[in-house]
Amino acid sequence: MSGFRLETGGRVDRGQSVQFSFDGKTYQGFAGDTLASALLANGVTLFGRSFKYHRPRGVMAAGSEEPNALISVDRGAGRFTPNLRATNVEIHAGLNAFSQNRWPSLKRDFGAINDRLGMFFPAGFYNKTFMWPRSFWEKLYEPAIRKMAGLGDAPTAEDPDTYASTYAHCDLLIVGAGPAGIDTALEVMGSNKRIFLIDEQDELGGGALADPSLWPWLERSRKALIDAPNVTILARTTAFGYYHDNFIGAVQRLTDHSPDNSDSPREKLWRIRAGEVVLAQGAIERPLVFDGNDTPGVMLSSAAKVFANRYGVAVGRSVALMAAHDSGWHDVFALAKAGVGIKAIIDVRKDVDSALTQEADRLDIKVYLNHSVTGVNGRHQVTSIQICNNGDNLSARMDCDTLLMAGGWTPSVHLWSHSKGSLAWRDDIGAYVPDQPNENVRCAGACSGDWDFGSGAIIDVLPTLKDQSRIKAFVDFQNDVTAKDIKLAVREGFRSIEHIKRYTTNGMATDQGKTSNLNGLQIASTALAKPVTDIGLTSFRPPYTPQTFGALAGHAKGALFQPTRTTNIDGWADENGAVFELVAQWRRARYFPKMGEDMHAAVNRECVAVRSSLGIFDASTLGKIEVVGPDAAEFLNRMYTNPWKALEPGRCRYGLLLKEDGFITDDGVSARLAPDRFHLTTTTGGAARVLNMMEDYLQTEWPDLDVWLTSTTEQYAVIALQGPNARKLLEPLVDGIDLSADAFPHMAIREGTICGIPTRLFRVSFTGELGFEINVPTAYGRALWERLMAEGARYNITPYGTEAMHVLRAEKGFIIVGQDTDGTVTPFDAGLDWAVGKKKPDFVGKRSMARPDIVASGRKQLVGLLTDDPNVVLEEGAQIVADPRQPIPMTMIGHVTSSYWSEALGRSIALALVAGGQGMMGDTLYIPMPGKTHEAKVSGMVFYDAEGARLHV
Amino acid sequence: MTRFSAFSLFAKALGGHQDWPEQWPDAAPKPAYDAIIVGGGGHGLGAAYYLAKKYGITNVAVLEKGWIGGGNTGRNTTIIRSNYLYDESAHLYDHAVKLWDGLSQELNYNVMYSKRGVMMLAHNVHDVQSLQRHINANRLNGVDNEWLTPEQAKAYCPPLNISPDARHPVLGAALQRRGGTARHDSVAWGYARAAAALGVDIIQNCAVTGIRSGADGAVEGVETTRGYIASKRVGVSAAGNTSVVMQMAGLDFPLESYPLQALVSEPIKPTFPCVVMSNTVHAYMSQSDKGELVIGAGTDQYVSYSQRGALHIVEHTLAAICEIFPIYRRMRMLRTWGGIVDVTPDRSPILGKTPVKGLYVNCGWGTGGFKATPGAGDLLAYTMAKDEPHPINAPFNLDRFRNGRLIDEAAAAAVAH
Amino acid sequence: MILIHCPYCDEKRPEIEFANAGQAHVARPLDPSSQSDEEWEAYLFIRANPRGRHHERWRHVHGCGRFFNAVRDTVTDKFETTYKAGEPRR
Amino acid sequence: MSDVLIRNEPVPSTPFIAEGVTISLAAPQNRYSLRARTAQTLETLLNVKVPKKIGATEGGIACLGPDEWLLRAEVSATIPSGAGLPVAITDISDRSICLVVEGPRAAELLMTGCPLNLDNFVVGRATRTIYETVEIIIIRDDEDRFHVEVWRSFAAWLWAAFTAAASH
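The listed protein sequences derive, respectively, from chains A, B, C and D. Just so you know, the numbering used here puts 107 at position 107 of the first sequence, and the rest follows in order with no gaps. Just so you know, the numbering used here puts 1135 at position 182 of the second sequence, and the rest follows in order with no gaps. Just so you know, the numbering used here puts 1414 at position 44 of the third sequence, and the rest follows in order with no gaps. Just so you know, the numbering used here puts 1570 at position 110 of the fourth sequence, and the rest follows in order with no gaps.
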């Protein structure tokens, strides 16, 4: 045989040789090889280094339970993936793989010093030291510990690949396409049920892939299933989690096995809702626990059979078996038939089925019953082993290059446990098996504990005459957890498996204990002298195997991450150089800088334009709710603090909305279009919340009211025209509405047309200037905006953004809910007493305003604040104190909620919440900032045109 | 108690670590105690320790229905910070942070408190205003918290994506340098070991099934699955199960329990130096000393004790993480788990006396309980020892839900307008 | 993602179409002003939060839009029943 | 004013064609939200048949909830206001746009982000539901054709999501 590739056998395509590299060295493999099988075929035994002690490690398994052979794959810029299992990586031309957790090289690893000092690093050692001198922790110990962290390197560039996701529905989902899964599918195939059959490997078959005698059956079955229209087969797909109501998460790997990077998705997330689930995930072979069991060349016997029969690779030239279970014997017989040299069978049991010994004789294999392996020689590769007759201490050396372990089997109950199905302990196989289901699910085949592997002995640690405290018998290979670590945990008082796991980290490596959980339980059970069932079982949680962040995020990437809502006019703003801000889900124009302007300059110019002539503003994002029905006014009367019944059709009113706890949650100007029809507006961020709140009261508290709510936020584009020239611009464009001051006063609404388009025209102002808000069907928003810009040129019409809007409203003392209020502010705190209907017996939030702390004095109240130095613009969020000379911690009496430079006033202005503020007019308060303490005087909230002369023109 | 030190570790190593004693004995319940703590999490064990250490009450039992530290203590993302807005919260959490400092030495148990800094991201103008308000308030309260520009934030945490084109661009960040993480299990075990050394009984697999009170209505003891245990002082620190326990005393509570999920990636070499939180995209992350990226996901929307979270929560969390830290899109999720968080109407804890004499409560920590562990333990101990709250936890009383003096940090962060 | 039976649509629909709306049958007092501070606190804040059988409200917000009631076991997360708003407690 | 204002739509007017599925913007139409306690009330007012069962459609009227219907009609259509009656009729013509998703892969495409089992969603059925995080209304117009109503400000995102999924 060439290298370790057997002359014949295996499912690899010997006609198709594939070149790949590992740690920079080039190797040849065949199509169908995994990285593990291809490297083994090339005689490579050293694959990686363990986590804690940096011990040399080879391949232990052939599947996704592999704890040792973790490698990184580099597919070019941004396509570096650490911690892949060599046993799952399919080779392809140009595959570029690297070993991990070693420096400078895999063979000579500096970190291996940890192994020499291992006796000083038992489980939990870090709890016991690194504490003195105290200062050393931060400066020396912790940085050092953090440096040792991790296995593979971290990615350093953004992943250019895309990921897909979908929901899917089926009547029957079968997880695992081994013989049990395939048989289930074949049985149900005839029905008209929609069937999903998924398997993590690249081809169907599971265990059958390592048993040539089953291949003809497998071929027939595979064909039948592919031809069946009601069967969907997903290979390279891992069902990683079993969620409520038969909802299963699975990830399909689409491109990693092919040589070139493509634009098509790398992986696809399947979110499957299944009527019934059949779990056929099989079982995982258990390693045996003995000194040196982690030496490269020591592996599971079932894995050796897979490498020989599926990949045509001999794991060694002289192979010994350490068995506690019949299955190992059968594996070795299969190896012998495949042409692998067998050195001997060692079995811990006194006697085994005579059929086994006879077959061994027939194949001329030496057998040692009631023996154990007590030591393994060789560092990067097994060179020989020590075996010993249980009971006497006559240890003998046996040369071999590979040692197989057959420790029995552990049913894969992971998904079953995700589904909260109960487990039952079976002494005969020393494992938990599925018991009572919690979902519509059943198990088939080995994962339910029924198999034809034969029987075995259940043992924790192989008998040895060595001092147990001196040997390194591994349980969790990747995390370097040894039998003595578990015994130490027990000795130190950790009695539950949950504690032992956390203390020793047993089962917490990237294989999540697939090969270590049961051995850990057995050892703890012996150490505690309690049956396994009294120690508990660590619960399995998704994912079954590690899954890619990107796949779980699905297509939610970049622009698709979350929708950015834009108005019909957004495109114009974008083309005209607007600077945007994100508000709730919306993007809004914050200001429109002209060449060379910064925000300050742009905002000043925009404000001046509004005050002196005409400004135009996209207010489309304001929430709108149409409230219609005979009881509309009654309903609003109960929701808002203000009275609504007397409001005449054609008129508007400022509405203030509280939560039932009495605090302001939203506000807006609303109009009565007809006796039974209102047009409400809400804040941009409050729209959905307010509608939901109103529906809640309407549906569950006042279902008797004949009124219905409809969101019209997106039915209308809203353009605010603000400034002395607003009416002049509108007059020639509007039909059917008399715009004169008497016919159309402030806080009124009229319906007509503008530029031939129907409009709801509000005369309202959030700026203190003569103003209109034009509502038109959304699709016409941009065209109308452009028309107004054109017609408004003669008034030097100026688009302004949210920042100027904030300044203009602050000059008038209009609050912004969410900025000047913060969810703890009542109408009285905000100086909005006038908006509260005194005579109303009830409205949402009224009762809460009578609670002791709400009526107490000294609450924070909204006031104006004028800095003594008019040029100082306070920081929003700056804290206010009465005595700046007090020591820290200071007593803070409030904070600045809004603060701007007012070009109109030629000075800064601010709004602030100050304890008892409304009683402090004219008082000087202090705002201590780093380096300087500012002084400011409490004032009223209206800084500009207090009498409102500019509004009523 | 064998003192832990590099020397004892060395000495024991030579003996093959054969003679380490139990870190804490597995006690059986005595008929009566001077004080009982219900709930063997970090908070409860801490309370027991401080009762014995600071207030001289050593005849104390901690009753844990499962295994100590098996609840939220062992199921959180171990973030420690104190940069809260309101004075009450800032003082409460800063009291805890001060105790975190030096806790390893005090307990002679390395809890690995790592001051790697906690950074909170601002993604829009409103976030900026909110974080600035926090920073200013913290400064005058003597709590460290500083503003970072996007560039400074990236310098502090290189994996951060500060592209202005991001869906949620980073406009800046608030950094508390004293913030960080600790080893969650070690906190529970360290308190248990230190408390036991002072005489506290730590009783596992002992569920409280009833609370007995006398004619005067005062607490006399608790019924448990291991028999009746008498005590005139009972402190309940049972997180998600608090409502259930309080019902036994006939008390309805302003609490709801929700599933909270968290997850970790496979371990990788050091790549993420601090803790980053983003309230806007609902994601927070750090890297454990083992190399795993530790990620907090959101809570499910419904009350549940199943500790079984939904997949779509994980999808949204990882989408958010990949947006803020695009280089991790190829990383892989290794393990997820669920906790049960008890949430009050104002998202602030309840820590103090109850209407039942001798019955004290510590609950409602929501997703933020771990950071408060030493503080909550100390203040619960104080309150039980003096039968009155310490000034720091006085505002966190039950009355606030009646009189309206809520401490609503989330509301103060306000809603986008 | 749990499946929830909407009593109005009369079919099981996926959770993400729904919004949980807290404990059910917490009726708003007809005359809040007459409530004592204690009674008002109970209405606003005190919740059952049971381990087991729980009455809660959901809204089929991305469906028919209706609020309805449900009885669900908070330990298994399994629904016992769902019924329309206004129907008597089950 | 002489020249009339033109409409501005949030998605391209040219269809997106991928293997097995085509996505296109439907022509503008009038949309009304019809609300009443019973279908009967509306039938009397509009004197057309109004579907009683949630999810059913009848002559352009879809029943979305126990007291909610969506009426879609051509742009010339008019409708009484229902003033004074216990009904609510609200013009929402421009609130949403309609994406037409057709082809053998139409259902498959929608199910990439919609958790409903659309294989069991019969022709003529309509429902409000969700695509990932965005609310939509799905109407099965034919075996291979769905109408997807989505609020305007979400349309650009949905178009991007659909076209991305369609090209996968």
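Derived from the structure by calculation, the hints contain no laboratory data. There may be inaccurate statements among the hints.
EDC-like mimics (lysine to aspartate or glutamate), calculated; alpha carbons at most 16 Å apart, straight line [as the list claims (entries may be wrong)]: (1) A/LYS147 to B/ASP1242; (2) A/LYS846 to C/ASP1401; (3) B/LYS1068 to A/GLU701; (4) A/LYS937 to A/ASP833; (5) C/LYS1454 to A/GLU701; (6) B/LYS1222 to A/GLU142; (7) A/LYS846 to C/GLU1409.
Each hint tested on the structure:
Proposed proximity of A/LYS147 and B/ASP1242 is supported: the alpha carbons are some 8 Å apart, at most 16 Å. This hinted pair checks out: A/LYS846 and C/ASP1401 have alpha carbons roughly 11 Å apart, not beyond 16 Å. Of the supplied pair hints, the one linking B/LYS1068 and A/GLU701 is violated, its CA atoms being roughly 51 Å apart against a limit of 16 Å. Straight-line distance between C-alpha atoms of A/LYS937 and A/ASP833 comes to about 23 Å, which puts the hinted pair past the 16 Å bound.
A C-alpha spacing of about 13 Å is found between C/LYS1454 and A/GLU701, which places the hinted pair at or below 16 Å, so the restraint holds. Distance restraint check for B/LYS1222 and A/GLU142: the Cα-Cα separation of roughly 15 Å lies within the 16 Å cut-off, and the hinted pair is therefore satisfied. Among the hinted pairs, A/LYS846 with C/GLU1409 is consistent with the structure: their alpha-carbon atoms are about 15 Å apart, no more than 16 Å.
In the structure shown, a violation is registered for the earlier hints numbered 3 and 4, in ascending order.
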